[in-house]
Amino acid sequence: MKTNNYESWGRFFHFSHAVIQPAWIPDVVESLKKNRNQIILPYGLGRSYGDSCLNQDHTLMDMKSLNRFVSFNRETGHIRCEAGVTLGNILDLAIPHGWFLPVSPGTKYVTLGGAVANDVHGKNHHVRGTMGSHITAMKLLRTDGTIHDLTPEMPLFKATVAGLGLTGIMLEIELKLIKEIPWFDTENIKFGGLDEFFQISDESDLSHEYTVAWVDCVSTGKNLGRGIFMRGNHSKDSSLPHKSVKPKLMVPFNFPEAALSKPTIQVFNQLFYHKQISKSMVSTVHYDPFFYPLDKIHDWNKIYGKRGFFQYQFVIPSSEKNALREIFSRIARSGMSSFLAVLKKFGDVPSPGILSFPEPGYTLALDFANMGQKTDKLFQILDRIVDDAGGKLYPAKDSKMDSRQFKNYYPEFEDFKQWMDPNISSSFIRRVVKNG
Amino acid sequence: MAKNIVVIGATSAIALHACRFWAKENANFFLVARDDVKLSRVREDLISFGATRVVLHPQDLLDQSAHPRIIEEASKCFEKVDHLLVAHGTLLDQTQAAGNAEMAMSEINANFLSQVSLLILFSRVFVTQKEGNIGVISSVAGDRGRMSNFVYGSAKGGLSVFCEGLRNYLYHQGVSLTLIKPGMVATPMTQSLNIQSPLLAKPELVGQEIAKGMTRHRKVIYTPFYWRTVMFIIRHIPSFLFDRLKL
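Chains as they are written, first to last, in the numbering used here: chain A, 1 to 436; chain B, 1 to 247.
Keep in mind the hints are simulated off the structure, nothing from the lab. One thing to keep in mind: the hints can contain errors.
Claimed, not checked - With a cut-off of at most 30 angstroms between alpha-carbon atoms, the simulated BS3-like pairs for lysine-lysine come out as follows:
| hint | chain 1 | residue 1 | chain 2 | residue 2 |
| --- | --- | --- | --- | --- |
| 1 | A | K139 | A | K2 |
| 2 | A | K139 | B | K3 |
| 3 | A | K64 | B | K24 |
| 4 | A | K236 | B | K246 |
| 5 | A | K222 | A | K374 |
| 6 | B | K202 | A | K296 |
| 7 | B | K246 | A | K176 |
| 8 | B | K3 | A | K243 |
| 9 | A | K296 | A | K306 |
| 10 | A | K243 | B | K246 |
| 11 | A | K2 | A | K222 |
| 12 | A | K236 | A | K279 |
| 13 | B | K212 | B | K202 |
| 14 | B | K219 | A | K275 |
| 15 | A | K236 | A | K306 |
| 16 | A | K2 | B | K3 |
| 17 | A | K236 | A | K321 |
| 18 | B | K219 | B | K24 |
Said to hold, decoys possible - Some chain A residues judged to face chain B by a derived CB distance under 8 angstroms, without partners named:
| hint | residue |
| --- | --- |
| 19 | A23 |
| 20 | W24 |
| 21 | V28 |
| 22 | R68 |
| 23 | F69 |
| 24 | S71 |
| 25 | T76 |
| 26 | L93 |
| 27 | F191 |
| 28 | A365 |
Please read these numbers as outputs of a predicted model, since none were measured by experiment. The C-beta atom is built at its ideal place from N, Cα and C for all residues, glycine as well.
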């Protein structure tokens with residue numbers, strides 16, 4: 001089937017794909033036999049922002065119907081499922097039995113296969129590391145028809161974690177859950193600038209499992225880098241109910257561009273900062289608003305209209321605080337600031353993934369509406385600061401980096417490439433690696 | 001006590017999600033479908049969700065002569081059946097089915113005749129036990145014949161009328177029947193049609209509504225709920241106008 005219906009979350013790329021939609025594992029094996037000469041890429045729920053989940057003019061294998069569980073050991077917390085199972089599906093099954101995801105990215109509408117392929121991280125990176133650190137086994141199908149049962153010490157396992165789907169098709173994945181309740185004792189603390197952020201962040205990382213900050217990137221001068229620091233721990237109050245919830249709102253159409261004008265975003269940032277009047281606010285909250293505030297609004301990416309948007313996420317070493325200041329001031333000056341800027345300090349828990357993105361330092365994620373050349377120009381400025389600081393960009397979010405940058409950010413690719421499946425490729429890897 | 005549930009067409013995506021609902025309550029299952037590999041995947045899934053015991057019975061349901069054995073085995077497995085869910089079916093491309101008598105007949109067999117055979121045989125079990133609930137997955141397509149799918153629609157329409165009568169009969173025996181009319185659902189059965197519609201529902205939701213409706217012994221379920229209104233309108237469009245439309 002040929003279609004233009006498969007997009008990534010940023011909705012910037014509009015590609016045509018041939019699509020295979022297997023519903024069962026034997027169908028996956030069969031369809032590979034039938035499509036021997038095709039260049040394919042497994043596709044989950046398309047929550048990557050750029051083109052790492054796309055395969056222009058080639059074939060996508062839509063994995064979302066492969067969403068069955070294989071086993072769930074309620075004593076040890078080991079859960080095994082097909083790669084198309086979502087993190088939301090896992091929470092629904094695990095929570096009533098007292099188990100919880102060890103790592104949660106900003107949305108639960110991702111497949112486990114996608115979460116492994118991008119080695120996703122969350123607010124607790126400084127304690128638990130990335131998703132890949134909690135995967136205990138995988139069943140991987142290569143396009144030559146061989147099936148590999150992988151365990152963490154194997155090189156092909158290390159290539160598959162953060163491997164952007166390029167090493168084969170993940171059929172089954174086993175994950176070790178954590179024994180925690182789905183409620184959080186949280187505290188939101190206002191900070192007036194980056195220096196205050198650095199201090200609160202360092203303190204909080206010792207006392208709290210979950211830490212992240214929202215930063216206002218509109219304000220300049222004395223308000224530069226102000227924001228709200230959110231920190232939390234799993235609640236110990238076992239009387240709270242073990243349940244999951246359903247989202248309600250939807251964005252069914254593309255917003256007009258005026259919705260994203262500078263004044264709108266300024267007002268949004270003002271309101272967000274001043275919503276909280278006191279310096280610190282303490283509460284016990286359910287996991288859904290704590291981890292997935294944006295999941296409440298289905299298809300929120302349509303807020304950015306038909307032209308789509310970009311996410312820009314980088315990490316720079318902790319010592320490069322001035323680079324971070326420079327970035328905030330550049331963004332504020334550009335007048336192209338985003339609704340949400342999310343800042344966090346990564347810890348030093350190593351990931352098994354060869355191409356894994358996180359490393360110790362500060363990571364910042366920003367949304368930018370697509371304004372053509374203006375956006376490109378800003379990204380060039382930001383890229384230079386990130387490069388000079390010895391930082392790198394996150395492939396799952398990227399739409400723009402070139403082959404020189406990729407080589408510079410991911411020297412490990414030289415080691416990784418021997419594990420790539422010759423009949424799997426993506427638009428991203430062709431963009432950043434010549435002859436990819 | 002854990003419920004005993006028999007599912008015909010247990011590898012369907014909608015059936016799986018209905019079964020997960022009961023599996024969370026530790027139900028026992030007797031599952032029938034053609035493919036034994038797929039059936040064992042469903043068993044693993046339901047056990048993960050908490051099912052107590054899952055018995056598999058691989059069988060091609062189009063083979064009518066094999067139907068009595070299904071009922072026999074299910075009765076051996078369970079002293080009492082709490083729910084029977086009849087969920088099997090096919091969906092052919094209408095442009096093929098309407099132009100090919102053989103294909104049309106096989107579509108009618110897969111979506112109507114085989115269900116009639118199984119329902120008649122299973123009714124005896126329920127009449128003997130004088131309690132329980134039967135759920136039958138029909139379709140909104142059976143509410144009015146439309147040019148886009150009237151072969152499938154007529155099979156489902158026949159099935160709906162059959163079930164209305166059977167429900168009337170079983171009522172006097174203490175047995176309830178839930179007639180289920182899903183709208184468009186994003187399942188492997190429909191994905192080759194490449195439907196892009198805001199009305200396309202997730203099988204998770206539809207499956208859950210089915211299990212809840214059957215548990216409450218509802219008579220007719222439109223799922224998702226808005227199809228009740230949509231089909232009310234479609235049924236009431238006068239024919240002189242209806243024929244001009246390309247529905």
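Do the hints match the structure? See the list:
no., hint, result
1, A:K139 with A:K2, "29 angstroms, holds"
2, A:K139 with B:K3, "34 angstroms, violated"
3, A:K64 with B:K24, "22 angstroms, holds"
4, A:K236 with B:K246, "60 angstroms, violated"
5, A:K222 with A:K374, "26 angstroms, holds"
6, B:K202 with A:K296, "17 angstroms, holds"
7, B:K246 with A:K176, "52 angstroms, violated"
8, B:K3 with A:K243, "23 angstroms, holds"
9, A:K296 with A:K306, "21 angstroms, holds"
10, A:K243 with B:K246, "45 angstroms, violated"
11, A:K2 with A:K222, "54 angstroms, violated"
12, A:K236 with A:K279, "25 angstroms, holds"
13, B:K212 with B:K202, "16 angstroms, holds"
14, B:K219 with A:K275, "49 angstroms, violated"
15, A:K236 with A:K306, "45 angstroms, violated"
16, A:K2 with B:K3, "45 angstroms, violated"
17, A:K236 with A:K321, "35 angstroms, violated"
18, B:K219 with B:K24, "24 angstroms, holds"
19, A23, "4 angstroms, holds"
20, W24, "6 angstroms, holds"
21, V28, "12 angstroms, violated"
22, R68, "4 angstroms, holds"
23, F69, "4 angstroms, holds"
24, S71, "6 angstroms, holds"
25, T76, "14 angstroms, violated"
26, L93, "6 angstroms, holds"
27, F191, "41 angstroms, violated"
28, A365, "28 angstroms, violated"
Taken one by one, the earlier hints fail for this structure at numbers 2, 4, 7, 10, 11, 14, 15, 16, 17, 21, 25, 27 and 28, listed in ascending order.
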